[in-house]
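Trainee: Residues per chain are reported as follows:
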Amino acid sequence: MAETILEMKKIKKHFPGVLALNEVDFDLRKGEVHVLIGENGAGKSTLIKILSGVYKVDGGEIFIDGKKRTITCPNDAKTLGIGVIYQELSLLPLLTVGENLFLGQLPHKPHTFAVDWKRVYGESQQFLDKLGLPINSRETVKGMGIGRQQMIEVVKVLASNARIIIMDEPTSSLSDREIERLFSMIQMLKGKGISIIYISHRLNELWKIGDRVTVLKDGCLVKTIDDIDGITSDELVSLMVGRKFEDSFARADNYCDRNIETLRVENLTRDRVFENISLVAHKGEIVGIAGLVGAGRTEVVSAIFGVDRCDGGKVFVNGEQIAIKSPKDAIKYGIGLVPEDRKEKGLVLRMSVKDNVTLASLEQFMDKLGLVVNFVQERKKVQSFIDDLRIKTPGINQVVVNLSGGNQQKVAIAKWLCSHVHILIMDEPTRGIDVGAKEEVYQLMNELVKNGATIIMISSELPEILRMSDRIYVLHEGKVTGELSRAEATEEKIMHLAWNS
Amino acid sequence: MEHNGKKRGRIGIGGLYAYFFLGALILIMIFASDAFLTPYNLYNLLSTAAIKGILACGMTFIIITGGIDISVGSNLAFGGILVAALLGSTNATGLFAHLGNVPVPLAMLIGVLACSLIGFCNGFMVTKLRIPPFIATMGMMQITRGLSYICSGGFAVTFKKDIPSFQWIGSGKIGAVPSIAIFFIVIAVIFGYILKFTSYGRFLCAIGNNEVASRFSGINVNKIKMLAYTTLGTLAGLGGIILTARLNSATPDAGMGYELDCITAVVIGGTSLSGGKGTIAGTVAGIFIMVVLATSLNLLGVQSIYQYLSKGLILLIAVLIDSYLNRRRG
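In the order they appear, the protein sequences are chains H and B.
Sequential numbering of the first sequence, starting at 66, is according to this note's numbering.
Sequential numbering of the second sequence, starting at 637, is according to this note's numbering.
Hints in this document: simulated from the structure, not taken from any laboratory.
Using N, Cα and C, we set each Cβ at its ideal position, and we do this for glycine too.
Short, incomplete list of chain B residues facing chain H, as computed with Cβ under 7 Å:
no.	residue
1	F833
2	A849
3	R851
4	F852
5	S853
6	G854
7	G912
Isolated chain B, as found in the complex (with noise of 0.2 Å):
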């Protein structure tokens, strides 16, 4: 049957098209570019990929339960100060002006923990609430945004001391790869294991496909969405972290657009916007799609500001294949 689930690849189709379109798009800016295959041009991808691709890689489990999260970005931008104000920093304003000489765990913890709180509360809203996500998210995403302000006065956290062991997490080194790759990496394959071998992974996919059968079958729904959005919530801690590191201070305007930046990769890696399917290994085609044709553009001579077009037409483009799949389907 065409259907068979075995014949569709690991992947699924959607995914599929990733990456023979991210294929396609290295094979012509390597021949378009000599500035393409240096060594400071891929450092520089990677990178920018790992950070968005560690938040894309939960929101590809929201988006498989059929939910969406656009409050990441400002609540990694929180997750930042939040971080950068613990370890003492030159001009964080109100409660956090007191803050300072947290050791480095302890201070990562917490920004973790907080940001997980934000996810939590994003859950619970979307679950017990019943606040439509994207309604839920966008109040959540007002909110984190407003605090990061607050907190910071409106300005850049800068450090007052190099604190190296905290500067290693955004711009250290393994051999040649970046650290924060590695992370990217990691992250990568444990979210991809956990939706493909993990029961998490299996009741993930028949929530989005269908409620109320799931919860007919004995699934706890709420509590595998409000896991969902926890998650999300504690990598955009991580991302915090990461960017606050590599930039070696925290702004309160980080983060701004990488909600649409992750949900554009990961329905161009072919999750399904309506919920059901998708995979991790299509997300991160997505993601490197969205980072290599920005950064060929750049090599290109092509104005920033005509990305934002790019973008666009990329993200509608992955919606009409996926309806168009969808539509096919049956």
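Isolated chain H (complex conformation) (with noise of 0.2 Å):
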């Protein structure tokens, strides 16, 4: 058995009002993956912080190389070989490639202030060659796919001598193609003897480059697994929530009815970014929307939305053609949006859950002159959304920021529901969210369409395309490739659509 190189011992975090960690044991081996698990709000980012230096640890103990090392800050944890690659990266967009490997630490021409370019870019091309990637360190970041940034970002850190590296949901915005890539990199680190904490929400993963796993719950250990290739994913998610799921992948009822379009698209066109997109949905469906990142699917929407402009196409609400120049239009003719990306366009996260909840339908709280806001009715509405929808808040003014992300999600869906509108247009509904709030926001979209909603429904997730879809357009670089019903479509015919192969 490889030697130990990181051992967290009784590990243990206090933040007002929360036991985030209670006694975490964790272990790290030389050269191995060590995958940590968890719903959201487990304690993997507060047990990674505290590694990184972010967090100061309330109790415990931290050995490294078998001496015991206390870490203060970030610093302290670089020099002790400790690097992190989190979900947002950090390279400077503007700058070469060298210019971000070398950030901070500029070497200088002897005898002079002038930075030594040449040393800068003959040693950061010496370092991606040296690790075989087909990068050129004069290149700017910018324009570079996120996966070759985070390839980027990989190589920094390991240029400070890192030999534990911390990985948090490395793949939650890379393409298949970019994942294949980033796991290669991985196998290759670990055959230089590097270590890798590795944190995911996708259990698939954990089989293809896993070593052991640990599952978090609730700021506990649950187990470490150092068998993983004895453990099924349904064993996996019932240590997660300490509960069995049964038969988590059926939809009860199909409440479609096929005789009431809502929305058509007819060939809408954004030049280079999509074109000839016709899609329609009706009353009480739900339309998939698949695809790889980067295929469009975003850009349409947010076309369709009138949050980008298009070049051409047709857009149809209940039989009848409308234009859509801004979200405010959209809003209008009954279509809402629930963004991808929550925290920056769909909630206002320094205001309260009621704010939130009315943004987009003050106007019916209004008074007879149309301008002041009847608190006591807003105050009603959005108690009734909180109790609906199960959103766990400690009241309606708690301040979004401090809910967790399933909640927070709640919250944007409660937004729509308040403004009545009758098509909404989801856009990877479950990223981030722990199981059981997924779970929710299942049940939920099926009650909207038992109730005569219309929901599209984008998702990289093929289990959740499959499970929740009644029918499934599938997009490839900008254009629709396939359209498949619920009886037909397998996840082999969607990737072979989104492959385009």
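Make the complex out of the two chains shown on their own, each in a separate frame, by following the hints.
Mentor: Printed below as a string of structure tokens:
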């Protein structure tokens, strides 16, 4: 067995009112990928933030190479050879790869203040070549795909002599091909004796690259599993949520009324982004839009919702052709969009649950003059959504930023329920939310279509697409490559269309 | 939860600090100087606070959206000169020389509309032309200041004859209260009400917090912002009228530095410079802190040149408190 290079013992961390970590043990061996899983709020991020010096530990001990160490700031972690790759990339887009790699420690020519650029680019290139990455050190980062940027991020961490690399959901915004590349890079790093702590929301990745897995729940260690081939995903899910999921991939009924067409899009085109997109949706139908990241799915729905302009095509709502120039128009015609990027586009994080829920429909709470908000009515309505959607919040005045991802998503959905839209576009509706909240979102979608709404759902998770959709459109590089009914859809068929192979 | 909106109170933490500070300042002054509590001093204090206070109400809205308007002082000067010229003056030049004998209400209306138009231009530049607010309004500041000098020939514009109804605006009284204090109170109440109880107020905060999410929620962001800049223009016009009525003349260098005093007051009052939250009650406290402090220093015999120091220090302290609170909120 390989030697243990990191050991965390009985780690404790308090936040006001919460015990975020309760005596958690964790260890990492040389050259292994140790996967950390758990629902949101289970303590994964807290654990790695303690290791990387972002949070101070309240109790417990950390040993590196058998020596007891204290980590009080990110610099301590760096000196000890711990590097972190966060979900949000930290590269400076306008600088070159070399500049990014040497950022903060640009070498000077001897006895001058001038930067030794030859050395910067020479050494960066050497480093990139040694890792076998086809990247030019003089290229600017802007314009590179997220996948390549992430690799540079890894290189940057390696350049500071990291032996332990923490990856926080590294694949969440990568396409499948980019994920493959990242995985082969991880294999190579393992070969060089580098250890990796890997946080993921995607269970299937576990068996592809993991050596061991640790499950956290509510700040406690549930189990560290050494033999990952001996465990199934169902078992892991039940460890994470503490209950068994029964038949988690069934959708009860079909509420689709094929005779009533609610949304029709004809030949929608935006130059160089997507072209001739045509799709229809019916009352009570969930229409799935599948495709690889970058296939133009988000761009298409943004155009329908009036966020982006388009260069051609027609949109019909309830059989009537309409012109949508802004989200305001779209809402007027009963279309709502729950965006993929919840925190940037879906919610005003620093405002309360109440303010967010009514933000798109404040006019319905106005007095006769249409000026003053009727707070009593507003509160009542918001409270009813909190109850119906089971939004976990201390009160309607709670600031949304303090809610968990799942509850934030429910608030984002409640906003559209409150403004009575009948066509709801959901872009990655369950991204970044925990398993329990996912189920609740699915149930909510079912209820919506049962009540006659139309849902257009973009999702990168095939099981989700297959489970929820009545009909599926598949996009590839800005074009619709296929339409599948619920009966004919399989993962293989969708992937073929998505790769256009 | 510690961040619960309800517990933070009606005027926010920053605004609350401002009232404590103002209270302490007044208490100290009551003991330190016999002249402080005299009717004369209080009258002066209210009058001085009123004009800047009126502007600061509009400035609060703009800062809540994450913007800023530094043209407000010179906008006020231009409004004053325009109205004075319309009412008939001794030495307006150029186009303005031929104005005069316009009825008071019409003159005031034209002056206010002109300033609103300037405010609208600011809003247009910020939203449609996407010029950063600081730069757009800096340009406008120079333009309107220049216009004021050109139209007045560089001198104070004085009236040919007394116009009592106009002069009442600046120096009249209702009971013991100066008329301009009443204007200030009315405007502060209206603006406070708009901010707290109307959808417009809610949208201002939403835009300041997250412009993209606001747009995704169907809010017409540009319209709301343009209205905020136009409104401050309108208030600058009103301020120009009041100042002209009070001094019985309009000068092209009126309102110099008012923009800084307004911004300082707004920030002292707990409105975040990064936008998203703020209150009129806080801004009112902020204005009074500035004015009481200046008056106090006068009463205590500190030379006025030192007042710049005190203003600057207070602004920096307020900003420090703001950023500290922001950081604590995470």
